[in-house]
Amino acid sequence: MSKIMRTDRFPTGELIDRLKPIEFTFDGKKVAAYEGDTLGSALAAQNIKVLSRSFKYHRPRGLMCVSGKCPNCLVEVNGSPNIRACITTVENKMNVKSQNRWPSVKYDVFSVIDKLHWLLPVGFYYKSFYKPRFIWNLVRPIFRKAGGLGRINPKAKSILEKPHKAVFTEIAVVGAGLSGLSAALSAAEQGVEVTLIDQLEHLGGNNKDLLEEELVRKIIAKKSITIITGAPVFGFYPPNLITLDTAEEMIKLHCEKIIIATGSHEVPIIFESNDLPGVMLASGAIKLLKLYGAIPGNDAVIITESNEGYSQALELKNYGLNVVAVLDSRTEIEPQLSKPLEQAEIPVFTDVKSIQAIGTDYISSIKFYYADNWRYLDCDLACSSGRLQPALQLALQAGCSTEFNSNLNTLVPSEPPKQIFLTGGLIGISDKNDSSNHGKTVGLAAATNKPDLKFNIKDNSTNNTKFTNICSKNKRFICFCEDVTSKDLSQAIKEGFTDIQILKRYSTITMGPCQGKMCLTNFIRESSIETGSTQAELGLTTLRPPVEPITLGSLAGPGFIPIKRSPLHSKHLELGAKMVEVGGWIRPYSYIEALTEVSIVRNNVGIIDVSTLGKLDVRGSDAARLLDFIYVNKMSNLKIGKVRYGVMCLENGTILDDGTVARLSDDRFFITTTTTNIEMIESWFKWWLASDTNLDVALVNITSEHAAINIAGPNTRNILQGLTTTDISANKFPYMTVKESFIVDIPAIIMRIGFVGEIGWEIHFPSIYAEHLWDELYNRNVQAFGVEAQRILRLEKGHVIINQDTDSLTNPLEIGLDHIIGSTKSDYVGKNQIHQQYNRGIKRKLVSFTMHEKSPTPQDGSAIIHRGDPIGRVTSARRSPVNQKPFGLAILPYNLSIKGQEVFILINEDLYPAKVSLESIYDPNGTRLRA
Amino acid sequence: MHQSIGIESMKFFQDSQQNNFFDNHEIKNAYDVVIIGGGVHGLSLAHYLAKLGITDVLVLDQGYIGGGASARTTAILRANYYTPEAIPFFRESLKLYETLSSELELNLLFNQIGRLDIGHSESAIYGLQTRADFNRLLNVESYMVGPNEISELVPAMDLRENKLYPVMAALYHPTAGVIRHDAVVWGYARSAKRMGVHIVPFTKVIDLIVCRNRVSGIKTINKEVSAKIVVNATAGWASTIANMANIKLPITTHPLQVAVTEPLKPFLDTTVSSANFHVYAYQTDRGEVVIGGGVDAYPSYSMRSSLSSIHHLVSNTLKMFPMLRDVRLLRQWSGLCDMTPDYAPIIGRVNGIDGFLLTCGWGSWGFKAAPMAGKSVAELIFTGKTPELIKPFRLSRFSTGKILNERASAPAAAVH
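Residue numbers (the numbering used here), protein chains in the order written: chain L, 1 to 931; chain S, 1001 to 1416.
If you are wondering where the hints come from, they were derived from the structure by calculation, not from laboratory data. A couple of the hints might just be wrong.
Just so you have them, the derived chain S footprint on chain L, three or more residues with Cβ under 8 Å [as the list claims (entries may be wrong)]:
#: 1; segment: 255 to 266
#: 2; segment: 550 to 562
#: 3; segment: 717 to 730
#: 4; segment: 854 to 861
Reference excerpt, derived from the structure (chain L facing chain S, CB under 8 Å, subset only) [unchecked claim]:
#: 5; residue: Y126
#: 6; residue: F129
#: 7; residue: L149
#: 8; residue: G235
#: 9; residue: P238
#: 10; residue: Y369
#: 11; residue: K487
Built from N, CA and C at the ideal position, the CB exists for glycine as well.
Chain S extracted, bound-state conformation (with noise of 0.2 Å):
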């Protein structure tokens, strides 16, 4: 066991090259598919492809690698959701996570620390108990929670009851977890780059090469770079990606802000949630705080932090954890989500344009999908079939009716 433990293993990390994370490539003229944006959707595409043989794979990204959304996400895994379509969905894409580090053979320090929302009126817990249904009827761990239960799991929250929002129960879901972002990224990256994917930062695709109703390839601003097959997974992006085809998406793009504290002893080891004050906070292993929320009101690409936001994380996670006045704020950044008007995302093909596929629409829920979502949009290359689980999230349910409404994604909850 002690190979597995780590000393032997990591020599051999260290010194191949084969093990490197990132390599230089020369873009080709011509791929099978070419997949716009580095992020931990376009390379878990990209690992997923090349397992199934499928490797003559570009991925481009504008910037560095992992740079977008994926850096900037906190990183709950969870698959509590509320609708009966993405529940099953994001239960598959956890369970692909549990297995992840050592398919990528990099410990990517998945915690499942598990997951408390917590109601602090009748009308939040009404729409947890549905949660809580839903979920164990669709196999995944969810159930209601008092008091007691929360304040053996975080004794550090406020529970008194004279406020005027107290915690009154939550939706408690154990297997839900909190991954290192970054090491995902570079996991996937790795392991495409292994089985031949090229993977090339700072290039930015200014157009797609369009001829009648098939998308035939990319250009950069140097070199045009056929393929069979262009994947959209620009997430922030992804709709000025589509409008290069001429197809609009019903995606508007809006910040989401996140703040981090300075390391603190362990005093918090589950992701606490609440849906009345639209906070969550979690502390890592390093020992910070991670303070989330839903996304800004308005539609924006500035990743500028904002006052107003940072001012309404902390003075509502303050309500849950008092005790955190004196301690202090290390840093807060923001990242792009591109948001859909039912909280689901939009995976497939698009009606009418060949040769285009999306996996956009991830707003803040995109991080804990990433793994399902590649691997089944690597299955529909593969076999040109759309698999099941992805079938409800295709564009054209905007236009036939079926829209989901999915209420517990984290700013669906801020708005109804």
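One chain only, chain L, in its complex shape (with noise of 0.2 Å):
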């Protein structure tokens, strides 16, 4: 066993643990870490720079930002790709790669790209590889290789589903750094509830010190305010939701007024090679060595364009490091910036023209113009530093314009809308004092509904100088997730593209996996200097959500289709029923062989479960009357006892759905709608209820209520006959009539109807006896049937299934319904356009056709073909147990709905003939149906 060198770290390192030393492999290698260790800042203890290759010129990078927003420590973890390492816990044995690689993060095939750069300019892939067209096609499999980032790995081990849950609360206050905390207590002060949200793990944000630290405590004192930690929110959706996305579960937060004080961040500095390894942002730095006691490098050389280089650079060096010198764009200084420098024997040089880093796959000195000179200092750390970019993600997602900040000089939001208040860095607030006062201001107002804030922010602008460019041999990263250097963006600009929202999708910049948070500010900045306009000119791009990435599993929550099932379900199961999905149903496709079953049920009896057909329970005065309206039949001359056909239509007289309405008594109906729209209709009856509220019409949707069994076969009568008192013969219970009575004992209502073109009765009852009732039929040796031969039997019967046979645009004349138009009724829904399809002529025409026995079965919607061209298709076709030839029903044109008319159908790229007949060919006359 080899033992693993430990790198010794500083003494500092707030979250590790000392005494539980840990471990994971990086690329195959081992890595020594304590528990409390990122894997960024295990890494950086261990010494290992390179974590990464970059998107286009596949350059080594290594840790830059430490706060997971930059793209350069994108890592597989445990076959899960694109993990950013500088913010993921390591856990014992976790298994690291490096991504975009071949063969070794270290010696990258593809990084000759970057040698080829001179080829490859801002778009350069419009401009090229498209004469003659193969080329396109011959090169783009490379670029596809080449681009991309991590690898999914289809068995990877999925993280765990996380619930969705919604949360109510008065204020919510997203960041707790010095100004949203302030801004929460003084809320909360108010006697107002507060929810108070940052995505780090504790409150006081990044920079931490006493006075957020006594915040902190009167803030956990305060029962009225709910701490979520570690919850970052990756959304602002209207109205005024928020999304948290926490470890354990994604919350949906209804705020009635939004705080936002997220911040600001460092971005980095433009320079030459400024994506060098060992070029880091400030703060990250800090943050290894304060939190992890990691060392990022031992001398470093401070870039800075701001007074904040100078606290930092003192800083490092109180925690041991270096600092080899700090490098100044800015030509005046005041004396109490340097003076402590001095002191500690940093030297400053001021008014630096031009800066490089240099090294192979690591920085190894810095290069820089000062005093009309070249000079190089040899470092292991360049620390970008006080370049700072608001978080305004979703200040501008929640509906903030934006306006120019001198102290950040850089586009900050503003005019928030009414519910929405900012506070903090992320406005350019940059004082201790004024952040605290601001925050309490704003706390104040949020809860006190006077949002009337006057408040002058001290103005900290420097002197807004940058890093001239003076040797361009090298790039200067803006966009580090697309690799876009500041001559791509100069480049485009000439080229025409000078609208930041079009500049953005030609040159790419803020299209990365960091979605412009490291570098949107210096995009919109070198833009501005590159165009002329001002920043404010050229506003931002549109920052859309996610504000963090988030998995699709977690947005996603517990998946699961809503399915819906028959009280007879596990009877089916028990039956070994083959199941299939019917709209949105559960249903038995078949028990037995389907021509099996189709050929009991003609010889013999057959039961199949209806329960999944709607049912409306319809009664009032108005019962009729309100019928009437929605169906194109006339039912209010029904008689009762009596059950009629019917179908409704949209307004635009196409066909909504069809089923049986049954008369009860004077003021009751019993109605059966499609299986798959019986919500749909029972929204479409109470819509028209509705329209007219002095209808007396009561309805109840019974659809779950009670199930339904219907039997059928020339036996049938000898079966039902023996569970009933009630006369079932043909004299006293003829076809369609209906009678309420008890099959054992079951109160039922009882139809004569016959879909599959048997005798047949359809017997509804309550669903709690369903299986009761099943089995006192089954066990009379009585065959289930499943839909595939219910679909058969009522095919042969030339029974029309709605949204099978019928599209969107069929109307009643369409499927032989012609007798409406000479309907006696005022008025229906869809009278009007159907009328005026019957005086335009019908165009189309549902009709059987038969096929020659030889001919194969067409499948449900093959395509139908005249003298060459497709003029209608098959809706539904089957082979008949009956003559063994090929049948079905077809949407035709209207000129050929002609009995004997011969079509051809598109079967296997051959044609076949069919036949067309305008009568079923099962028992035409209905004589098995009414015997």
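Put the two chains together into one complex; each comes in its own frame, and the hints tell you how they fit.
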């Protein structure tokens, strides 16, 4: 067993537990770590500098921001791609791999692209590889291979499904830095309920000090403040909903008001080779030292353009680093800034013009232009210090506009909508007192509904110089995700892309994994210089949700597909039925061979579970009037005890649904609808009912309350008569009638109807008795049949299934309900349009067809051809068990819907003849049905 | 050949003013044709008009060029539609796209990676079968494939059979593809500009000049511009522009939401759409997975993203590709779709109004149609005759009972 080298760390390191060493592997090599380490801090402590290869040029990249924002430390962890190493806590035995490299992160074959950069300026792919056409197809696979970052593993063990939770709060405060803490406390002191959220695991922000600690103590003591830490807010959605992605759940927080105090964060200063591993943000280097005791380098050069660089230089020095020098772009420095550095023996160079990082895979020195000379400083760490970008994603999504802020020399959110409040570094406040006071004022304003914010923010704006660029051989990166350099940007602008939105799309700046978090400020600044427009004139690109990348799994939550089951579901399973989804229900497809089921129904008797039919109980003195209006058929003249087939249409005269209407008494109807549509039809009825509040109608959807079994076949009467005292002889219980009666003592609505074309009854009865009645029937040697047998049976009979044999343009005339034109009803839904269609002449018709027994059976949906043109389609087709011929229903042009007309059906690339018939192929006169 | 591959011609592109994509133009007082809408449709029309010699043309946009639906489309190009009217039109448009890169001298990154429309239920397959048949009969390559072929085309797809909605079969359309949509817009714009067309962004048309039964120009905030012909190519805003000439279009505007993940190494090289789940997905050359679906149920002009839509898109995508659970979503956005009742466009003249042409009702099927729509409307302006291919799409179909029912559009699939 080889012992792992544990490089010494500095004594700092608040978050690591030195008594608990653990280890993980990086590209197969063991790496020592402590509990509390992140992958990034452990790798830094082990002096592993190159963590990834960049997107376009495959340049080596190492830790830069150490805050989960930049793309430089994306690695694969336990098979999951694109994990940010710098914010991922180490777990023992983690398997970590670098990405976007071959064969290794140290020697990447694709890094040759970096040398070919002169071939690949911004948008180069638009300007090449298209003549001749096939060239692009040859080149494209190489592009694809070079692009992308992490690799997905189809077998990767997925994280747990996160539940989604909805929570309500009066005031949400996003960001628990100084201003956020102050705002939360002052709002809560007004007696308002507050939720304080931060993406860090602790309150107080990154620069936690005594001032923050005191506030945190007070906030924890305050019962009316709910604290949620470790929760990035990943989106704002109207109206005032913010979404939080915590480790355990996704929280939808509905807020009356939102105080946004997301602060600002450091972004890179642009100089040559500013992407070299070892060039870091100063805040990142400090974080490594302070929180983990990990040493980012020994000899540090600080590159700055603001006062921040001086305090950060001292801080690094205090941790024990050798600070080689501070390089400042500004000319004038206040003595109180430089003095402490003199005391600490840190040389300061002001008015530095141009900077270049030097090194092959890692920084070894800094070259800079000072006092008309190029100078060199050896170092193994260069800290870009003090350039800040406000974290404005959430504020802009919430509807704020932007204004130029001279403190930050960038655009900050402004003019928040009514229920949104902004405070802190986000809007350019840098002074501690200002942050705390402004936070208080905002908290008070939000809590008391008095958004009267008069507040003078101290102007700390420096003289806003920038490092100019004297020698330009090397790349100066603006966008690290997409490898876009300042040269690319100016080239794009020269080509006419002067609007920030298309400039973004052409250059792809801000479009990578950081979504602008590292590059937006720099992008706007550089564009402003190149175009001559002010930053305010240029504006920002749209910052879209999510604010923080969120996994698809978290967003989806525990996935489930709602599905309906009949009360007889377990019976079907017991009988070994093959189940299938039909219109949102799980139904038996068949129990035995579907054709055998068909033959048993035709010759003996079968039962099918039709509990899935929609069922409505409609009562009241105006029930008949309502039905007359909704159905195209007349229902008011239906006699008590009779059943009628009905069709309803939309206002445009196309068929909505069909079913049976049974009149149980003068003021009571029992209605069935299709399996799929019941919810829609219930709303449809209620919609029209609501249009006339004077109607005396009560309507109940009893679909799940009632089960239904259809028993059919020539021997049905023998079986059923044994179970009921009601006389079901042909005279006493004729076709299309209904009785309320008892079957084996179960109260039931019994309808004599016949969808499958045999003598039969449809029995509707309370669901609780479903299994009992099923058993009573089944035990009398009755064959259960499924939806496939039913489809064949009804097709032989020519009975229509809505949405199968009709489409969203089918009107009742096209399925043969011509008689409704003569209806005496004054009005019904769709009447006007149906009459218009009638007057113009209908264009299509649903017809039956039969084919030669030697021809194959067409698929449902097959095209029908006449004289070479596709003119219609098969809506349903099967092979008839009666005569072995393929047959079915088809929609044809009206002029071809003539008995005996020959058309052709496309089956497997061949055309087969079919003959149109206008009557059903089975029992066309209905003698069996009425027997 | 080396020249065509790139290096020399690229230098040329970088240096010449002629090759800039955009120039500034002063708006004149009068033009032969004013096109309202500087998206792919307006610019495609400008390009084909200029090719016919009609170059006294002004294209206006209220925002930046190509900033509306053209910037937001997922740019899937296909012709496997449902109605015999739509199929040939989209077929011809797809053909134009095949040669568009060389016509516009710009690599539009058109990848003919094919398209699978997956059926997870018998009823879904039924609709796909009709499309397969109609497509082939009308010369569009399109046929049904089973799980084995699907697995070969998309190895990453979850093909387990014991699911509620298993992958049963699919409609395969090998010539479908995706394109770099912004580049199409820029290419058309540059080409039209080179031939003399004026393209002016950030200029809103606030009214039409209408006298008697004729549209004779447009008004911006500070200018009146007269025109022999005004074309309404404003997608989501088509009905508001038509209103200015007192024309009521049967169009409602709905948002359509889209999302994209962080970049991944290539694992999916086909566009995949689910007829049951109402989502589609493909992977770009940059490695991102683009996810889209049907339009939102409510009409709106808001382009803000919604949580419920993204939830729907993402959870349905995971039903097909469960291994994407740990992949991160980078960005979601939405665009506006000008939806017609029959999911087909409205192109051409308006009865009773002269000097005004429509190319709208492009819903979610507009980008794929842009070349043929532009070319057809240009021909209509040039010859004064409506080309056969766009005759079925005239506005009058809504009053003469000749509506189309294009069920193969993404939103239609979600409704019917």
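Each hint tested on the structure:
no. : hint       : verdict
1   : 255 to 266 : violated (count 0)
2   : 550 to 562 : holds (count 9)
3   : 717 to 730 : violated (count 0)
4   : 854 to 861 : holds (count 3)
5   : Y126       : holds (5 Å)
6   : F129       : holds (6 Å)
7   : L149       : holds (5 Å)
8   : G235       : holds (7 Å)
9   : P238       : holds (6 Å)
10  : Y369       : violated (28 Å)
11  : K487       : violated (11 Å)
The structure is inconsistent with the numbered hints 1, 3, 10, 11, although it conforms to all the rest.
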